[in-house]
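Got chain V; can you put chain L on it based on the hints?
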Amino acid sequence: MSIDVRVPTVLREHTGGESKVTAQGSTLREVIYDLETRHPGLKERLVDDSGGLHRFINLYVNDEDVRYLGGIETPTEDGDTVSILPAVAGGSS
Amino acid sequence: MRAPDISRAVGDTPLVGVPGLAPEGYEIYLKLEGHNPTGSVKDRVAYYLIEDAERRGLLHTGSRILEPTSGNTGISLAAICAPRGYKLTCVMPENTSEERTTLLRAYNVDIVYSPAAEGSNGAVRVAREMAEGDPDVHMPFQYGNPANPRAHYETTGPEIIRDLPDVGAIVAGLGTGGTLTGAGRRLKEHDPATKVFAAEPEYGDLVYGLRNLDEGFVPPVLDEAVLDGRIKVDSRNALIATRRLVSESGVFAGLSTGAAVHVAQRICTPRRLPSGSKVVVVSPDGGWKYLSTGAYAAGDVDALAEELAETLWA
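Protein chains in written order, with the numbering used here: chain V, 1 to 93; chain L, 1 to 314.
I should point out that these hints are in silico values taken from the structure, not numbers from a laboratory.
So the derived list for chain V, only partly shown, Cβ under 8 angstroms to chain L, looks like this:
1. 55
2. 60
3. 64
4. 65
5. 68
6. 87
Every beta carbon over 10 angstroms from chain V, so not counted as near; a handful from chain L, in silico:
7. 116
8. 134
9. 223
10. 270
11. 275
12. 296
13. 299
14. 300
Backbone N, C-alpha and C fix where the C-beta goes; we use that ideal spot for every residue, glycine too.
One chain only, chain V, in its complex shape (with noise of 0.2 angstroms):
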């Protein structure tokens, strides 16, 4: 069981530098506070104090905004890729 996370410029100071780091769970919540153990102060970039996710952090997995799916329960399997973006402002618009 390993997922792929991929992790943006501004969140690297966590995990030494590495844009992909590999992790476990079978929920996105899973997969972040085992990040957490390897990579500390990551979960709290992620995650707010009501356990919910930032606003302005979007989390997908295989490309699809977890807010749309199971949002931080979102069910994660071996293989599957776990990207982290910062909400940005609309491209040409």
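Here is chain L on its own, set in the frame of chain V:
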């Protein structure tokens, strides 16, 4: 079609099928917004923003309009403002494509650059700072102005329903959120079963930058409750779809169209949409403004995607 001036020629764009690109058992149609007077969907928004400001008495001859925009909205505002005698300042990231900069200058638009590393967020920040200190300028602010989604609620949505009454889903780029919020809401009122999907370009590291996550930006006009899903598209998949549109369907569209078509193809599966569903993709603009990016150049798409990853969406 005959119009007294350019602002009255906005909208009523063609809805065309791309049978070769639709997964078996589904139909995909493109709403070709590149057919608007200045070549993008933003003509609808600019017209509504200016009309709304006029109605509220915020503009007079010689007024100056200030707007953060990396291109299309600026060009549309320029065309709507020119015959009305309004001056226009656009704040845009300094890495905006040369075609757009040249065109804006031709319209006599004043350009203020924001740092490339801050992306569109930076343009929003700089424009806000400038507007705060100057009571003589009016900032329509497309990201937060209800006239933006209203343009799509009152024009884009009804045109789609008129041309394709049994539309099953709509896909559009995220941008300001205006297209999805306005047209999506209209389509759901027409048929609550209609699905609304956002295609979100996955920008390069440069765009996401090193900014503080507490300063992230979610456009106020975006009504996330209208969305059924939000799918990001990397440069490679956007390029593949964009290039297939030209070579197989004869549609020369910009990269955002390719990204949205990729999402349309992805949602055409029985798990999400009943077989036989018709999907409308809002194509925000044609390909002309992006020729200089190299996106349409001959060559291997994988190599091209890698080469253009940082500049494709600039």
